[in-house]
Amino acid sequence: EAGVAQSPRYKIIEKRQSVAFWCNPISGHATLYWYQQILGQGPKLLIQFQNNGVVDDSQLPKDRFSAERLKGVDSTLKIQPAKLEDSAVYLCASSLAAAIMNTEAFFGQGTRLTVV
Amino acid sequence: QQQVKQSPQSLIVQKGGISIINCAYENTAFDYFPWYQQFPGKGPALLIAIRPDVSEKKEGRFTISFNKSAKQFSLHIMDSQPGDSATYFCAASIPPGGTSYGKLTFGQGTILTVHP
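Protein chains in written order, with the numbering used here: chain A, 1 to 116; chain G, 1 to 116.
By construction, these hints were calculated from the structure, which means they are not laboratory data.
Some hints here could point you the wrong way.
[To be verified] Listed below are several chain A residues computed to face chain G (Cβ distance under 7 Å; list not exhaustive):
(1) I38
(2) P43
(3) L45
(4) Q48
(5) D57
(6) A88
(7) G108
[Unchecked claim] Mimicking BS3-like on lysine-lysine, the simulated pairs with C-alpha atoms at most 25 Å apart in a straight line are:
(8) G/K42 x G/K71
(9) G/K71 x G/K57
(10) A/K44 x G/K15
(11) A/K11 x G/K42
(12) A/K44 x G/K5
(13) G/K71 x A/K44
(14) G/K71 x G/K58
(15) A/K78 x G/K42
Ideal Cβ placement from N, Cα and C applies to all residues, glycine included.
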């Protein structure tokens with residue numbers, strides 16, 4: 001079974017530039033998450049999709065971050081304009097939608113963003 | 001109330017020793033408590049998980065102990081090996097039915113080093 005695919009692996013941009021990350025979840029997984037992991041901290045949820053609808057974006061800085069999941073499969077996360085504090089690893093994860101109990105979330109390798 | 005607090009930040013253990021990492025939570029609505037293992041440059045991977053209806057779960061050298069009344073849970077790694085050297089995250093999530101079920105709230109992480 002193929003895992004969660006993310007690209008690019010690394011990205012370096014200057015502050016105020018824009019950047020986009022791409023995620024392809026495991027086939028059949030209805031739930032997709034974007035997490036931000038700042039160095040030395042645990043991942044923090046930015047946005048959660050159920051199919052192509054947003055379930056939770058309460059911690060997404062909406063003035064600069066946006067995300068979409070067209071057709072309920074692939075997803076993109078965009079930052080525009082980037083700030084120095086956005087330097088982090090951006091992790092995409094997916095899980096089967098379960099009506100009864102939570103199921104395992106599978107993570108991609110992440111995209112390491114450095115804003116200079 | 002959504003926080004999960006993890007300790008210690010770092011841990012050094014000799015090969016063959018026992019590694020113990022502790023987590024405490026506040027939100028009594030949490031009903032799924034996974035531990036994730038993360039190697040450098042990789043995304044977190046599920047190691048073992050527990051639900052609050054049991055007090056202990058063992059898988060090979062890894063054991064979760066869960067104390068519902070104290071709102072604490074811990075990971076024990078028996079016979080620790082150098083290959084276990086990684087960052088470990090505890091996490092918790094709320095059950096389906098609430099908003100954003102499946103969303104993982106992570107602890108701050110513990111860097112485990114196992115010396116040969």
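Hints and how they fare:
no. : hint          : result
1   : I38           : 11 Å, violated
2   : P43           : 5 Å, holds
3   : L45           : 5 Å, holds
4   : Q48           : 5 Å, holds
5   : D57           : 9 Å, violated
6   : A88           : 13 Å, violated
7   : G108          : 5 Å, holds
8   : G/K42 x G/K71 : 30 Å, violated
9   : G/K71 x G/K57 : 16 Å, holds
10  : A/K44 x G/K15 : 32 Å, violated
11  : A/K11 x G/K42 : 16 Å, holds
12  : A/K44 x G/K5  : 14 Å, holds
13  : G/K71 x A/K44 : 21 Å, holds
14  : G/K71 x G/K58 : 19 Å, holds
15  : A/K78 x G/K42 : 21 Å, holds
In the structure shown, a violation is registered for the earlier hints numbered 1, 5, 6, 8, 10, in ascending order.
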